[in-house]
Amino acid sequence: MRLSRTLTLIGAGTVAILLCIFLSLALGSRSIDLAKVVGALLDSGDVSFDALVVRERIPRTIFSIIAGASLGVSGALMQAITRNPIADPAILGVNSGAALFVVTGIAFFQINTAQKYILFALAGAALTSAVVYRIGSLGSGGATPIKLALAGAATSAALSSLVSMIVLPRVDAMNSYRFWQVGSVGGATWDGILAVLPFLAAGLVIGFLITPALNALALGDDVATGLGVRVGAVRMIGALAGVLLCGATTAIAGPIGFVGLMVPHTMRLLCGPNLKTIVPMSAVGGAVLLTSADVFGRLIGGVGEVEAGIITAFFGAPVMIVIAIRTKVHKI
Amino acid sequence: MTDTVNLGFRRRRIRRLAVVAGLSMVVLVLCCAALYLGNTQYPPDVIIRVILGEQIKGASFAIGTLRLPRMLIAVLAGMAFGMAGNTFQTMLGNPLASPDIIGVTAGCSVAAVFCITFLNVSKGVISLAAVVTGVALAAIIYFLSYRGGFSGPRLILIGIGIQAMLNALTYFLLLRANQYDVPAAMRWLSGSLNGLQMKDVPLLFGVVTVFGFILTALSKYLNILELGDQSATSLGVRTDRVRMLMVICAVFLIAYTTAVTGPVAFVSFLAGPIASRLAGRGNSNIVPSALTGAALVLLADIVGQNLFDIRFPVGVVTGMLGAPYLVFLLIRMNKGGAA
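Taken in sequence, the protein lines are chains E and U. When the first sequence is numbered by the numbering used here, its final residue is 332 and no position is left out of the sequence of numbers. When the second sequence is numbered by the numbering used here, its final residue is 1339 and no position is left out of the sequence of numbers.
Possibly wrong hints are sitting among the right ones.
Example chain U residues on the side facing chain E (calculated, C-beta under 10 angstroms, incomplete) [said to hold, decoys possible]:
#	residue
1	G1022
2	V1026
3	P1324
A partial selection of chain U residues facing chain E, derived with a Cβ cut-off under 10 angstroms [unchecked claim]:
#	residue
4	V1237
5	P1313
6	T1318
Chain E regions said to be covered by chain U (calculated; three or more residues, Cβ under 8 angstroms) [to be verified]:
#	segment
7	64-70
8	81-95
These are computed hints drawn from the structure, not numbers from a lab. Backbone N, C-alpha and C define an ideal beta-carbon position, used for all residues, glycine too.
When you get a sec, could you build the whole thing from the sequences and use the hints?
See the structure below:
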């Protein structure tokens, strides 16, 4: 029974991802049919226009798969660590922290390589999430959703006025910031993917390894301690993995919100509360969600395209609103 | 017993009057400074003659056309932000729940950015669009959160969610916009008093006076609402109706002012808490908040215009001044378990 269920999940996940990859290669302002997509991938001598278009779409497809998976896992980890249903990089202010550091880097340190972007973004993300969580968990009741959300929103507001202070007098920085700030997978290059891959791989491995301990954490700190889990260490390691995943993704793609919020909740509804299922399935779900958001944005955009970050915010924010409506008042 | 109560009451009232007088003085001094400071400094008698309508070469333009409307709008906008912010904060029982955190201001921004970058319409239309969008959004947030009774925390969470959507929309508009329109939109988005003229003043004055007056008149209910819906109802307050009226007034204030100056960061957020620290709690702080807001905007504009090599828009300065205070406030509030 359990084995067949696992097989079903693996099968469904694989099919969904393959479908997304195909759609992402085939659809866009110029749509290409199945036979030509396969032909372009198999025959490297094919230099027809369609084949070139398909190959041009390969990096962004690969990137949207790994970025989506990272964001999904990152959200699942953060929700598990904070035991908070709305923990998400966008809400914790991680994006604006990364943005501030990247903009500082562009303006004052002339950073221009993907590696440096990533390092700056990671530092910003780590610092901001630590500060926001610390502020949100002060006082009685610990980090309740409302305290965390307000701490995140307020910190974001503060950081973005610092960002505009840096950006306003510098036209070139304003332009690169304007494009970065929206959150898109369209600009992914092989260099960027290769630079970000080690960080994401490390984050994913740590995340998967720590999942059993996070399951124990869900029972409450006391019970987890009784079961032999070092609560503090597990939280630290989980947070590290979560920040690695979302910080590195944000460095390349810009802030893409709400993937980490939506996906774990959906997976919990579909597969039950066991994190050993939720965390890997969040990777699958995140990949599917971000890739389809990207494809959808290409299709509805007409001549241009609508960036994936805008699509995810539009579908993700209502999820947060529904959570807020359904949560009992005293738990907020 | 009644003597002690009366004594405390009187003491609070004296303190409040003193604070209002002090803040008015501060605003007045800052107004004079705003007229005096700048590239060229004119002696006070010239400034007074210009204000009285005399034509003086150079001074009439620098003071009458540039500095005077700027100063007047700074005062009015600050008052509007302060009153609206204080109303939201008190009503939702949370000092962090100012309009710029819970999505009302973001709604005005989307409408205005759309008008600036794509429609190329007059200022009047921009204001109208911003007001309509702001009011509509506030209504949506209010009704989404009204589920079997009013709940402040739920409204805040929903507002933050809505704000995320609106910000995505703003970024999208900025990206699609013609490159030449972007600096204008960015400057507007960070809140700026540049390019405002004397003809912008009367309508803003009207809006601030009318809605400010209603809010001040209603402010005695605000304290009762703070006790919770049940107590307020039993004290004879029609909670839903009063709250609705106050929300509408506050939203009109914030939306119209935002349309004129852009969202000046943190003023609506900071004015209330600062005012209640000065004047003490337990009283309606709508007037001190208005004065504090005016002082903040004036001060920030003077700093932004004169202190740096580059002229920063007022919103960037309030953001810089506000950010540390915000973090301090967050820490103090959470420690006290107020949220």
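Cut-off 10 angstroms, beta-carbon criterion: hint that P1313(U) touches chain E | Hint on P1313(U): holds, closest Cβ of chain E at ~7 angstroms, below 10 angstroms.
Going by Cβ atoms only, is V1026(U) closer than 10 angstroms to chain E?
-> Cβ of V1026(U) sits 23 angstroms from chain E, so the hint is violated.
Is the hint on T1318(U) kept, meaning its closest Cβ partner in chain E is under 10 angstroms away?
-> holds, 8 angstroms
Was the hint right that G1022(U) lines chain E, CB cutoff 10 angstroms?
-> This hint is violated: G1022(U) lies away from chain E, its Cβ roughly 28 angstroms from the closest one there, beyond 10 angstroms.
Taking the least C-beta to C-beta distance, is V1237(U) closer than 10 angstroms to chain E?
-> violated, 21 angstroms
Proximity test - 8 angstroms, beta-carbon atoms, the segment 64-70 of chain E to chain U, at least three hits = Answer violated; 0 residues pass the 8 angstroms Cβ test.
Quick check: the segment 81-95 of chain E, covered by chain U? Criterion 3+ residues, Cβ under 8 angstroms.
-> With 3 residues close enough to chain U, the hint holds.
Against chain E, with CB atoms and a cut of 10 angstroms, does the hint on P1324(U) hold up?
-> Holds. Min distance 8 angstroms.
In terms of the numbered hints stated before, the structure departs from hints 1, 2, 4 and 7, listed from lowest to highest.
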